[in-house]
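K.L.:
Could you build all of it, start to finish, from the sequences and the hints given here?
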Amino acid sequence: MSAADLLDLGLAGLVIAVAAFTIFSRSTYAAVVAFVAYGLLVSLRWVLLRAVDVALTEAAIGSGLTGVLLLGAAAKLRERAGGGDEAAHLCPPAMRPFAAVVAGLVTLGLAAAVVGLPDPAPTLAPLAAAGLPDTGLGNPVTATLIAYRATDTLLEKVVLVLALLGLWSLAAEDVWRGRPGLKQRADPDGVLAYLARRLVPVGVLIGLYVFWVGADHPGGAFQGATIVAAMWLLAMMAGLADTPPVSERGVRLVLAGGAGVFFAVGLAGLALGDAFLAYPAAHAKAIIIAIEVAMTVTVAATLAFLVAGTPERPA
Amino acid sequence: MSLSGGATLFGVAGAVLVGLGVYGLIVSPQPLRKLLALNVIGTGAFLLFGTVARRGADAGLPADPVPQALVITGIVVAFAATALAAAIMLRLARVAGSADLDDAPAGEAAEADVAERRE
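Chains A and B supply the protein sequences, listed in that same order.
When the letters of the first sequence are read in order and numbered with the numbering used here, they come out as residues 1 to 315.
When the letters of the second sequence are read in order and numbered with the numbering used here, they come out as residues 1001 to 1119.
Only true hints are included.
Here are a few chain A residues that face chain B, going by a calculated C-beta distance under 8 Å:
1. Ala19
2. Thr22
3. Leu49
4. Ile61
5. Gly62
6. Val102
7. Pro126
8. Phe222
Because the hints were derived from the structure by calculation, they are not lab data.
Note that beta-carbon positions come from the ideal geometry of N, C-alpha and C, so glycine has one too.
P.N.:
Quick look at the structure:
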């Protein structure tokens, strides 16, 4: 066994152990913290699988933003329950063996499917590589997201907006046009405010860089947008910025813009070219950049609003 | 280990993660724990995609980019679903006093909602 194999095996064991802690821990708060660590370990797994784009996404969204969101939710639930950390009380002991059997069967079925995967494996990699020159991009994953399977990405934008609509519609009647989340009161001279002042400019720059290099290297619109969203959230948590009211027209324009530009390009492709979302080869790169810019702005705003939560204060 | 052997190990680990998540989803009555379990299932399923992508390495690419793109879309959608679920959970906690699925009978929750609206 080589050192790389040992790393593979060790990391696999660690990921499973941390996942088990997330599931079995008695403290909900500890489980959420473990989940953040779990997400980071999973993104290391993605690096080992040579899928660096996915690793960046998992670290930023799967671990980072989901972690912030669930930590916030756990804290609010704890406050409501009157302070103490709710111990995880499980279902009746008699039921647990049945749950274990179901889980075991699912695992066995999936493992059998993995072991029985066809050899040689079917792949679209040659087709993806062959189409790259037409898109003007160097990163085949970005090309898949924005060009080959653009419809998926367009519909995903719609899903994000729908999720946000669902979230906003949970607001109480008197504040539903208001600002999401509670007013953050952080010490203006405290560590958090200091961190937000220093880190946000650098972080926004890194986010834009990750977006820009995504054309040819690992990175892209989602990963860059998530970093920008995280910086905005940091500024809001430090009390340097306030969440805008959800009824503001500018906010809504930004949130709808990504899908809107994407749709417009798609319809133009239908009118001028061969099909919905067909990009004329001569201008493919310019069109792709236009879509990505609109998408980055919209995704950053949508992700931040999804973390900020339901409107709770009047505008 | 060969390329496909290593990829298979990742796939089996993904299957174990899905199993752990399924167990947690069934046994915990707390919605937040169920949400965590659901996310563990999600990452496990994504790693299965990663196995398929890695096995599809060809044409000078270290992995098939199509499953990778699907997973990136999947992670973003999973996050959106988690955010919506968390908001519903907090709303339930507000109107029913607790988000626990054990002690929030439908009748009580509905009464609390009516009471809140009257305020």
